[in-house]
Each structure stands twice: as C-alpha cells, then as structure tokens.
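Enquirer: Please put together the full structure from these sequences, using the hints given.
Each chain, written out:
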Amino acid sequence: MKHLVKGQGFGAVIGVVLMLAVFSLIDASGWWTAQTMSNVIHYTAILGILAMGQALVIMTKEIDLSVGSVYGLAGIAFIMLQPALGVAGAILAALMIAAAIGVLQGYAVVRGGLPSMIVTLGGLFTVRGIIYVWTGGSVKAFPEEARNAFVTRLFGGEILGLEAAVFWMLAVAAMLNLVLWATRFGNHVLATGGSAESADSRGVLTGRVKIVTFMLCSVLAGFAGILTLADQPQTHVTIGDLMELEAISAAVIGGCLLSGGRGSLTGAVLGAFIITSFRYELIALGAPSSWFITFVGVVLIVAVIFNQKLARMAGHSV
Amino acid sequence: MAHPLISVKNLDLYFGAFHALKDVSVDFDAGELVGLVGDNGAGKTTLIRVLCGIHKPTKGEVWFDGARVKEFHPKLAIDNGIETIQQSVGLCDNLSIARNFYLGREPVKKILGIPFLDFAKMRGESRKVIREFGLRDNVSADDEVERLSGGERQSVKIGRAVEFMNRVVIMDEPTNHLSVREREHVNELAVQLKEQGLLVIYITHDIFQVHKLADRIVIMENGEKVADAKTTDMTAEELEEVIRQGGRKVEKRGAA
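Which chain is which? The protein sequence lines are C and S, in order. Just so we're aligned, residue -19 is where the first sequence starts under the numbering used here, counting upward by one. Just so we're aligned, residue 82 is where the second sequence starts under the numbering used here, counting upward by one.
Keep in mind that the hints were calculated from the coordinates and are not lab data. Errors might be hidden in some of the hints.
Stated by the list, open to error - No farther apart than 30 Å at their CA atoms in a straight line, the calculated lysine-lysine pairs in the DSS-like style are these: (1) C:Lys41 <-> S:Lys190; (2) S:Lys190 <-> S:Lys103; (3) S:Lys103 <-> S:Lys151; (4) S:Lys190 <-> S:Lys202; (5) S:Lys140 <-> S:Lys156; (6) S:Lys103 <-> S:Lys90; (7) S:Lys137 <-> S:Lys190; (8) C:Lys41 <-> S:Lys137; (9) S:Lys190 <-> S:Lys209; (10) S:Lys103 <-> S:Lys311; (11) S:Lys156 <-> C:Lys41; (12) S:Lys202 <-> C:Lys41.
Unchecked claim - Covered stretches of chain S (chain C as the covering partner; in silico rule of three or more C-beta atoms under 8 Å from a C-beta of chain C): (13) 168 to 180; (14) 184 to 194.
Said to hold, decoys possible - What follows is a list of derived Cβ distance ranges for each label pair: (15) S:Asp218 <-> C:Met293: 17 to 27 Å; (16) S:Asn257 <-> C:Ser270: 42 to 52 Å; (17) S:Arg228 <-> C:Lys289: 12 to 22 Å; (18) C:Lys120 <-> S:Lys202: 25 to 35 Å; (19) C:Ala151 <-> S:Gly141: 27 to 37 Å; (20) S:Asp93 <-> C:Met155: 22 to 32 Å; (21) S:Gly231 <-> C:Gln212: 54 to 64 Å; (22) S:Ala98 <-> C:Pro95: 43 to 53 Å; (23) S:Asp287 <-> C:Gln288: 34 to 44 Å; (24) C:Leu290 <-> S:Gly215: 24 to 34 Å; (25) S:Gly97 <-> C:Ile98: 48 to 58 Å; (26) S:Asp287 <-> C:Thr274: 54 to 64 Å.
Ideal Cβ positions, reconstructed from N, Cα and C, are used throughout, including at glycine.
Expert: Shown next as structure tokens:
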C-alpha cells in the first residue's frame, strides 16, 4: 500500500473508489449484479493485459498504437491455424507472430530512429489489413472438439466460477511487477524512460531495452486476443478495433506519464477497470452504447490532469 | 612507467564535413590530474567522448593501458574503468539514488534461480557513499535523484566513480552551477581521486581554477591541441594568454 501511495498508481485507486461510490449511488440495482460484475471483471482482465504491455512501452517513453490490431491478428491466427497445428500449437504460433511484429516495430523505432507513434500507426493499418486478407472478411469458428479441448478451456473456460482470463491477468501482473521493479531489466526500462542519454552513458543498451518492451507489449496484446477467442472461438474482422486507444487510456489513467520513466502496472489494470466499468454501467443504465467513447475521452482527460497534479504534489518535475 | 595509461595518437574526427578533432595527440598517466581547457567548440568534450566510447574517431589511434582500443562503446569504456562525470548526464531523475548508483551494473541475488536486484546491497553501499560524500542527512538512498541539489548530484556521480574502482575519472565541467562551497568540495574530491592513483581529466573553461589543482594543463582550440604544459612550468596567466591568442602552440612537458 505504501508503495502504491508513493507510486504512480495512486490516482487510479482514488478514481476506482470514486467511481464505485458514484455507480452505487446512481444505479445500485444495475451495477452490483452478477451479470454486470462478471462482464466487467472478464473484460478488465483482457484489457488489463493489453494496458500493462502498453504501460511498459510508455515507461520507455515510446507508444504502441498497433496493439488493437495485434490483439486481433493473434486471436485470428489462433483460430485459423488450429486445424493445422492443434490448439496448443496455434497458441504458440499466434504468440510468435505477435512477438515478431513487436520486434519488427521496435527495430524500426530504434535502428531507424523513427517516432514510435508513426511506426506503430503503420503497424496498426498493416496488421489490420492482414486480418482482412487472411479471413477474407468471413467469420471462422472452432470446431466442436477444439472448442472443448483442455487447452482452450484453460485459457477461455472458467476456474472456480471466474473466467480463466482473470487468473491469467493476475499471474501476468505479478510477474511483470517483479520484472519491472526487482530486476536489472526493469531498472533499465525505468532508466531508459527517465533519461535515455544517462542510461546510455552508464552502458545500458537502451535500444535493446526498447525492442524488448515492444516485443513484450505485442506478445501481451496477442495473449489477450487468444484469451478472448478461447472464450468465444469465432473470428470477426473488427476484433480489437480501437482497443489500442482503450489500452493507452487505461495506462494513462493508471498513472503512466507519456514523458516516460514513471508509471504503474497495477494502475494500468485499475485504469482498465475504470474504462470497462463505464462501458458496462452505460449498458446497465440503458444508455446508447455510442456514449461510451465520449465517456472514455472525458475520463482520460480528467485523469491526466489529476495524475499530473498528484505527481507535482509528490515533487516530480512533470 | 612503461607506457601512459591513455595514449591518443593523431586523432581526427569528422561530423559530416565538420572537422571536430584535428590530428590530436596526447598522453595521460595514472595518478595525474590533467586540466583540459578551451573555449566552447574547442573540441574538449569531443575528445572526451572518444575516450568514453561515445564517438568513434575517423582516423588515428587510442591506446588504453598498452593495448590499442578497437571498439568504441560506452559500455566497453565503463568496463575498462573509465568513468565520465558530466554535468547534465549520468543520473536518471526518476530513479532512487541506490538505483542510479548501480545503473548498468546492478548487483543481483538469485532467488529460486531468478536474478533479482540485491536491494540490501544497493541501499547499503550507496548510503555509505552518500554520507561520505557529504549529502544532506535527511537524504536517503531510496530518495529520487530529483530531490538532490546540483552539488549533491555531482557528489553521487563522483562517489559512484570511486566506488567502482575506476582507473580513469573524466570530469566534464564538474563545478558549473554549483555554489562556492560545493565547488570546493568537488575540487577536493578530484584531488583525492588523483591521490588514490587514478587518472583524473578535468574539463573546464576556468584556467585559474584548474591551475591550482592540476599537474598538467592541456589546451584545445578549434579541434587542435595548442598547449600541453606542466603547471609548474607555466603560470595560469601564461596559459590564459595562449587561450587568448588561440593557435600559438606551446609544448612544455619536461623530458617526455
């Protein structure tokens, strides 16, 4: 807790508390229902995984706009490759595709000295195009036996009455937190975002650090896509559309500063929780779903202002 | 001594068409404090950046401890024990003193075979050093560097240079923006390092300040070495005259 208060995720904690209080007040009956909760938690887990990957990239002072497309492509690869490779093989192949996209983009950013905003915007379109071409715009689904395969259930089924994705998200969060805060690589990630020049001068290979974070971000996006499609093994070409913006918003609401070097993985998950909650609360209230994007935008702006104030209060120069 | 610790031979460096270093040759010995002086754009920092592996020379040779340097990379320089203390570079504001202290060579402790950062060692050692190098009592090793004053930042960098048993410490304008007391403190540290047998290269504009500390002064001008003299052979005023005239070459290194 002490770490959280000192860390960047504190704003998101306040946000979650406020939001839960408000939702309970305006709509106790629609909000605290098993159906809403189950949806919120499931989608928070998926978006949370994307947001944590995004948070890592943002902490190195870069950004990855391609995660929504990579999420979709990995999910689709998982379905499309299953007949040839089996369920487990398809998962591995999908994750490798995602990793390759991350490495390629990272490489272009680092070696080419290009802004990641542009490189990954290109990635967003390229990968989305591949999805259209590969599926031919049609819907593909798992056959019955693949749907019921143990591995599919392991990623898309339920454990102890909760979606498996929740447990995967918690495992990923625990692992990434350890990597970020308690390993050499983590220290290099934070240093790269804090001051790449200083990190370089200490012999940190900042280029390699960035490429690895882009790869991690893509793999996590791909993994989230697999978790989604293991639950509902059916492809559609728009899967993951605009999810990059939700992931970035979640990371920023969770306290990641785009100036690099500061952020919180736990905060990113809380940010995902806030965004997801707004989506399902609007549904529960019966509001038109198109309002969702507007709300995300407003929450994002409020959160950025709030987090910046918090950071200044903590004495950071941002 | 059989050979100088660092020997630069006929070094040329171009940035595109710009000739930044012109046929520079200079030797540095261990246990020596050398003042490297010159105006802005004289090539001091460029020369230093070659020594610490940031720039690769276009032509010429660099020898370190009797071996020719073939690859130029900051990490190799650090591994060789060449530490550079720059005014604005070297510390990440967002990290704690302990994390900065060990940045790039973090100690690890294996737990279940996984190498985790050895926080106890990082905190313990850096705490010891920050006390020795005169940081405020209320500063802890867990505090972010952001909290530190300019002098304290320099102290952390110098402490770090000492801690890792370096052989060469290059100080690039180490006393800019420092208060008078902090400046004295940093200068004392520079002399201390030399007395411990390290080579200290001290870059500055201020010939009078460095003349008091240094054993030898090297003056650069327009990418060339224009003077190389022991402080016992030339007064600060004489050296200042060289800088003022720019270009008149002086070589007084005794029986070199």
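Enquirer: Against each hint, give a clear statement of whether it holds in the structure.
Expert: Structure-based check of each hint:
At most 30 Å may separate the alpha-carbon atoms for a hinted pair to count; C:Lys41 and S:Lys190 meet this at roughly 29 Å. Note on S:Lys190 and S:Lys103: the hinted pairing is violated, with a Cα-Cα distance of about 48 Å set against a maximum of 30 Å. With a C-alpha separation of about 20 Å, the suggested pairing of S:Lys103 with S:Lys151 holds against the 30 Å cut-off. The suggested pairing of S:Lys190 with S:Lys202 holds, with an alpha-carbon distance near 9 Å, which does not exceed 30 Å.
Under the criterion of a C-alpha separation no larger than 30 Å, the hint pairing S:Lys140 with S:Lys156 is consistent with the structure, at around 22 Å. Taken as a hint, the S:Lys103 and S:Lys90 pair is honoured in the structure, with Cα atoms around 11 Å apart against an allowance of 30 Å. A threshold of 30 Å between alpha carbons decides the hint, and for S:Lys137 with S:Lys190 the separation of about 36 Å lies outside it, so the pair is violated. Between C:Lys41 and S:Lys137 the alpha-carbon distance is near 27 Å, which keeps this suggested pair within the 30 Å criterion.
About 20 Å separates the Cα atoms of S:Lys190 and S:Lys209, which keeps this hinted pair within 30 Å; it holds. Between S:Lys103 and S:Lys311, the direct Cα distance comes to roughly 22 Å. Compliance with the 30 Å bound is thereby established for this hinted pair. The straight-line distance between the Cα atoms of S:Lys156 and C:Lys41 is roughly 22 Å, inside the 30 Å bound, and the hint therefore holds. As the CA atoms of S:Lys202 and C:Lys41 are separated by approximately 29 Å, the hinted pair is consistent with the 30 Å bound.
Taking a C-beta to C-beta cut-off of 8 Å, the stretch 168 to 180 of chain S contributes 8 residues in contact with chain C, enough for the three needed, and the coverage statement holds. With 5 residues carrying a beta carbon less than 8 Å from a beta carbon of chain C, the stretch 184 to 194 of chain S meets the three-residue requirement, and the given coverage holds. A beta carbon spacing of about 24 Å between S:Asp218 and C:Met293 agrees with the range 17 to 27 Å that was offered as a hint. At about 57 Å, the CB distance of S:Asn257 to C:Ser270 disagrees with the hint of 42 to 52 Å.
Here the CB-CB span from S:Arg228 to C:Lys289 is close to 19 Å, well matched to the stated 12 to 22 Å. In this structure the supplied range 25 to 35 Å is violated for C:Lys120 paired with S:Lys202, their Cβ-Cβ distance being about 54 Å. In this structure, C:Ala151 and S:Gly141 break the distance hint of 27 to 37 Å, their C-beta atoms being roughly 55 Å apart. Remark: the range hint 22 to 32 Å for S:Asp93 to C:Met155 is contradicted by a beta-carbon distance near 50 Å.
A hinted range of 54 to 64 Å for the beta carbons of S:Gly231 and C:Gln212 is consistent with their spacing of about 58 Å. For the pair S:Ala98 and C:Pro95, the beta carbons lie near 27 Å from each other, so the given range of 43 to 53 Å is not met. Checking the proposed 34 to 44 Å range against S:Asp287 and C:Gln288 shows it holds: the Cβ atoms sit about 40 Å from each other. Checked against the hint of 24 to 34 Å, the pair C:Leu290 and S:Gly215 passes, with Cβ atoms roughly 32 Å apart.
The supplied range of 48 to 58 Å is broken by S:Gly97 and C:Ile98, whose beta-carbon atoms lie about 25 Å from each other. Take S:Asp287 and C:Thr274: their Cβ atoms lie about 60 Å apart, and the range 54 to 64 Å holds.
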